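Novice: Going down the list, the sequences are from chains A and B. Residue 123 in UniProt numbering sits at position 123 of the first sequence; the count goes up by one each step and never skips. Residue 32 in UniProt numbering sits at position 32 of the second sequence; the count goes up by one each step and never skips.
Derived from the structure by calculation, the hints contain no laboratory data. Since the model is a prediction, treat every value here as computed from it, not as a measurement. No residue lacks a Cβ here, since even glycine has one placed at the ideal position from N, Cα and C. Certain hints may be false.
Said to hold, decoys possible - Derived DEER-like restraints, expressed as beta-carbon distance ranges:
#1 Leu147/B - Gln162/A: 52 to 62 Å
#2 Leu107/B - Glu154/A: 44 to 54 Å
#3 Leu107/B - Leu132/A: 15 to 25 Å
#4 Thr43/B - Glu154/A: 43 to 53 Å
#5 Leu107/B - Ala104/A: 54 to 64 Å
#6 Ser32/A - Ser277/B: 14 to 24 Å
#7 Ala104/A - Gly194/B: 40 to 50 Å
#8 Tyr46/A - Val279/B: 32 to 42 Å
What the hints assert, rightly or not - Chain B is faced by these chain A residues, among others (derived, beta-carbon under 7 Å):
#9 Ala20
#10 Val120
#11 Pro122
Unchecked claim - Here are the computed lysine-lysine pairs in the DSSO-like style, where the Cα-Cα straight-line distance is at most 27 Å:
#12 Lys89/A - Lys198/B
#13 Lys26/B - Lys198/B
#14 Lys89/A - Lys236/A
#15 Lys89/A - Lys25/B
#16 Lys198/B - Lys309/B
#17 Lys296/A - Lys183/A
#18 Lys183/A - Lys236/A
#19 Lys236/A - Lys296/A
#20 Lys31/B - Lys89/A
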Amino acid sequence: MATDSSPIAGTFQLAGRAEAHPASARINDNGSVQIIAANDQRPLHYSNAQDMQYGDIIPGLPAELIFADGARFIPNDASFRWPGLSGAKRLPAWLETHWVAVLAAVILVPGFVWLMVHKVIPSAASASVQYLPDFVAVELGSQTMDLLDRFYMEPTQVSDEQQEKITADWHAILQRLELPEDKFRLYFRASSIGANAFALPDGSVILTDGIVELMQDHPEQLNAVLLHEIGHVEHKHSLKTLAQATATTMMFAMMFGDIDGAGELILGAGTSLLQSAFSRDMEREADAYAYTQLHKIGHSPVDFANAMRALMKSHGASDEQLQGNGSGEDNGKELLEYLSSHPDTLERIKAAEEWQPDTK
Amino acid sequence: MNPSVSPDVSNAGETRTLPVVFSGKKGEYLKLWLVNMLLSILTLGIYSAWAKVRNTQYLYGHTQVEGHRLQYLATPLQILRGRIIAVILFGLYVLLSSMHPVANLVLMLLLLAAMPWLLIQGLRFSLRMTAYRNVRFSFNANYGGVLLHFILLPILGALTFGLAMPWVIQRLQKYVHESISFGGHNFSLNSSAGYYYKAVFACIGLAILYFIALAILGSGVFAALAAENPAAIGGMIIIMISYFMFGYVIAAVYQSMIRNHVMNNLSIDGVVSFNSSVVAMPYVWLMLSNALLLIFTLGLAYPVTQIRKNKFLADATLVNLQPAADHLVNTVSDQDSAFGEEAAGLFDADLSLT
Chain A
1 MATDSSPIAG TFQLAGRAEA HPASARINDN GSVQIIAAND QRPLHYSNAQ DMQYGDIIPG
61 LPAELIFADG ARFIPNDASF RWPGLSGAKR LPAWLETHWV AVLAAVILVP GFVWLMVHKV
121 IPSAASASVQ YLPDFVAVEL GSQTMDLLDR FYMEPTQVSD EQQEKITADW HAILQRLELP
181 EDKFRLYFRA SSIGANAFAL PDGSVILTDG IVELMQDHPE QLNAVLLHEI GHVEHKHSLK
241 TLAQATATTM MFAMMFGDID GAGELILGAG TSLLQSAFSR DMEREADAYA YTQLHKIGHS
301 PVDFANAMRA LMKSHGASDE QLQGNGSGED NGKELLEYLS SHPDTLERIK AAEEWQPDTK
Chain B
1 MNPSVSPDVS NAGETRTLPV VFSGKKGEYL KLWLVNMLLS ILTLGIYSAW AKVRNTQYLY
61 GHTQVEGHRL QYLATPLQIL RGRIIAVILF GLYVLLSSMH PVANLVLMLL LLAAMPWLLI
121 QGLRFSLRMT AYRNVRFSFN ANYGGVLLHF ILLPILGALT FGLAMPWVIQ RLQKYVHESI
181 SFGGHNFSLN SSAGYYYKAV FACIGLAILY FIALAILGSG VFAALAAENP AAIGGMIIIM
241 ISYFMFGYVI AAVYQSMIRN HVMNNLSIDG VVSFNSSVVA MPYVWLMLSN ALLLIFTLGL
301 AYPVTQIRKN KFLADATLVN LQPAADHLVN TVSDQDSAFG EEAAGLFDAD LSLT
């Protein structure tokens, strides 16, 4: 710190004009500052302590004094610090010049991001979707249905009587589980994605011709799959995914919005990994829902295990793979595509077979 | 550390030719950048407004001409406010456009229509927040002009299969630079489209030479490959590396030629003009080594590459200040919002001048 008496050499920059003068600044006992021209000792400016502020302290740059009218005094010595400078003004520059701060934050940041993405955002998303009005789900459902019909699905080839049979069967189950029949409507569609079923946020459930054909002799398997899909709807999984994805994207946009170079690549990869982790958790949640409901109507989760086996087989898994000791070489690719967002299917089959009503 | 030049106005009356001095240090800026990035992350991006101000203040403050430093005058709160509005709009945009295909289309059209405006706001804000000797820069483009130069002319350029593109870029850069003013005086840029064609032809010439060399080397490698000679692998690697480097060579040759041409023809009558003497080969090396630095540090060396580039370009630049430069008066008020700049950045409409 400079003593109050010695003048500080620098430049006096006039307010709003290019004119500047070599000058020196003298700090008086009461904190006021007087600027004096270097060449002829002419007084150039005088300011009370309360009519001036300090510029930001940036490493390697002089600390400027900014007067009320916008004029500035810039010391020649970049390391000079005004005695009146507060600690808060000095703090950023202190952090920026110490590797300790850098290292501490390097450790803190990944932990913080993990906590946000893994804990805070999912629970916030879960909590907030409960408050979403129903029409959001209905609107999302009908939009998705439109989109699917336009680009991915064809009218079904399943006969009317078979459709009626499956629907009647399904309604009987809904009644027994006291679920609203008009909410969980079944739709039959032909699609190149093979045997599959999926639920939309509004409760519509789409069955592909592939899965109807695959399970035509095993209605109990089809029902197990349908209950799994209802599990997604009841847990509002698609809304949660949407909320989470939006919140995560927003968070990353906010956190890393100003960072160039540091690689959206890494972030992108991390985010999609996390997304598939979310979707695996959701599959397990929907599975558990299916087990409980199957149990309620006097069926066994083994129905679900059998349905999964049938689906795996229809998507190209070999008998060996079904046993869990396959080399994974043949048809691996197609299987991989189907399974990418799902937990290990064999694990799910095992979980279904080992499920006990008292464990939940 | 760096000798501070004591400014002297007594030699007013004649034109002074002055170097641009850049005194930023790699390690110093790396630390500053890292700490600011980490603080931004830990505050969920709120600190990023302060980070932006501090990063820019560092780079500007270490750039000086005749002992006077460039000033960055935006305040963090200005930037934070703009950023919050932009983030909210962006969130609404994502949400609405994912909900309804029609909404998506309408929003996209709206965004397209707003694009010129966003570009203007962004450039206007950053220029108005830039000052030299307490005199601010300003940007006075209008919607129609930006629409013409940034959207319509490039479409025209594409329709001519790129033949008109050098001319389009010359028009665009002329328009942008001549929209900038300093102390109430407009810049003028007497660039010639012919020179842009010259730069493009130089690059095409280089490309032809490269592909001839590639054909000769390539046929040798293929012959070796056919003969199952293990040396062929090395040849393949050399070809791949040369291909990676070639992109930087072309870019550096083009950019250095255009930068020199633009700077040498940019002036404010009676106030200031510039000399730029970027030499292509060292610039190639700078760009290439910066790219390698970024790749091998996963982007963390970004601040180091910025310091290197700023230093390189400053060293290649001279400023000719005429006497009137010492008597300029600021004409720009500081009432300005950062929203345009932030929104432009979020919607990927940021643009750089050279």
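Novice: Which earlier hints turn out false for this structure, listed by number in ascending order?
Specialist: Of the numbered hints given earlier, those the structure breaks are 2, 5, 6, 7, 8, 10, 11, 12, 13, 14, listed in rising order.
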